[in-house]
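For the sequence shown, the working numbering gives the first residue as 1, with consecutive numbering after it.
Watch out, some of these pointers could steer you wrong.
Cβ pair distances, simulated, as ranges [what the hints assert, rightly or not]: (1) Glu96 x Ser124: 38 to 46 Å; (2) Lys70 x Lys159: 26 to 34 Å; (3) Asn84 x Gln56: 38 to 46 Å; (4) Ile87 x Glu113: 24 to 32 Å; (5) Ile93 x Glu48: 28 to 36 Å; (6) Gln160 x Lys3: 49 to 57 Å; (7) Asn90 x Leu162: 17 to 25 Å; (8) Asn141 x Glu89: 34 to 42 Å.
Listed below are the simulated DSS-like cross-link pairs for lysine-lysine, each with C-alpha atoms no more than 25 Å apart in a straight line [to be verified]: (9) Lys44 x Lys139; (10) Lys64 x Lys117; (11) Lys117 x Lys57; (12) Lys81 x Lys44; (13) Lys117 x Lys131; (14) Lys139 x Lys99.
These are calculated hints, taken from the structure and not from any lab test.
The beta carbon of each residue, even a glycine, is placed where N, CA and C say it ideally should be.
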Amino acid sequence: MNKKAIISCIIIVLAIIALFYINSINKADAEIPLINYNLQQGNKNYNEITDNINQQKYQEASDKINNTMKYYENARYSTQKALNKTIKENDSILTEYFKHTNEEIDLKIQSLEEIQKGIDDVNSNNLQPSKESKEHFKKSNQLIQNSSQYTIERNNLEKQHLDKFIS
1 MNKKAIISCI
11 IIVLAIIALF
21 YINSINKADA
31 EIPLINYNLQ
41 QGNKNYNEIT
51 DNINQQKYQE
61 ASDKINNTMK
71 YYENARYSTQ
81 KALNKTIKEN
91 DSILTEYFKH
101 TNEEIDLKIQ
111 SLEEIQKGID
121 DVNSNNLQPS
131 KESKEHFKKS
141 NQLIQNSSQY
151 TIERNNLEKQ
161 HLDKFIS
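With the sequences and hints as input, model every part of the structure.
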């Protein structure tokens with residue numbers, strides 16, 4: 001009799017743990033670590049790209065763009081998935097957070113696209129920056145600076161609503 005009671009208790013505890021785990025996976029905020037990882041890796045690569053451009057190492061910069069784009073695309077995919085969940089859950093704070101995240105990512109992707117256009121112009125101009133390539137690089141810089149406003153907005157939401165972001 002005691003063995004059956006113990007086994008039953010163990011099964012109940014395991015079922016509760018499994019339900020808790022499944023429930024936590026389906027929460028939108030479960031995506032935040034993956035989003036942050038991809039943003040951090042993308043940002044790290046982005047900084048290396050700009051360093052390469054500043055050193056006129058255009059091929060090295062171009063080689064990193066696709067990898068960086070993948071990080072930002074992964075972040076965008078996870079953010080959209082989380083945003084859809086928060087909308088269904090009617091969580092206005094996390095919805096706003098993920099909207100800001102999407103805006104930030106979109107600007108970073110647009111910035112990378114401008115860098116690629118600038119590099120393409122450099123490559124078609126015997127590896128010398130042209131007026132057009134400098135304009136693309138300048139626009140890229142403006143886009144990345146604009147993305148920082150969304151980073152600030154996200155950070156402010158995190159500070160104002162710690163309970164939403166600390167597990």
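Hint by hint, here is what the structure shows:
no., hint, verdict
1, Glu96 x Ser124: 38 to 46 Å, "holds (43 Å)"
2, Lys70 x Lys159: 26 to 34 Å, "holds (30 Å)"
3, Asn84 x Gln56: 38 to 46 Å, "holds (43 Å)"
4, Ile87 x Glu113: 24 to 32 Å, "holds (28 Å)"
5, Ile93 x Glu48: 28 to 36 Å, "holds (34 Å)"
6, Gln160 x Lys3: 49 to 57 Å, "holds (52 Å)"
7, Asn90 x Leu162: 17 to 25 Å, "holds (20 Å)"
8, Asn141 x Glu89: 34 to 42 Å, "holds (37 Å)"
9, Lys44 x Lys139, "holds (20 Å)"
10, Lys64 x Lys117, "holds (14 Å)"
11, Lys117 x Lys57, "holds (15 Å)"
12, Lys81 x Lys44, "holds (24 Å)"
13, Lys117 x Lys131, "holds (12 Å)"
14, Lys139 x Lys99, "holds (23 Å)"
Hint violations for this structure: none, all hints satisfied.
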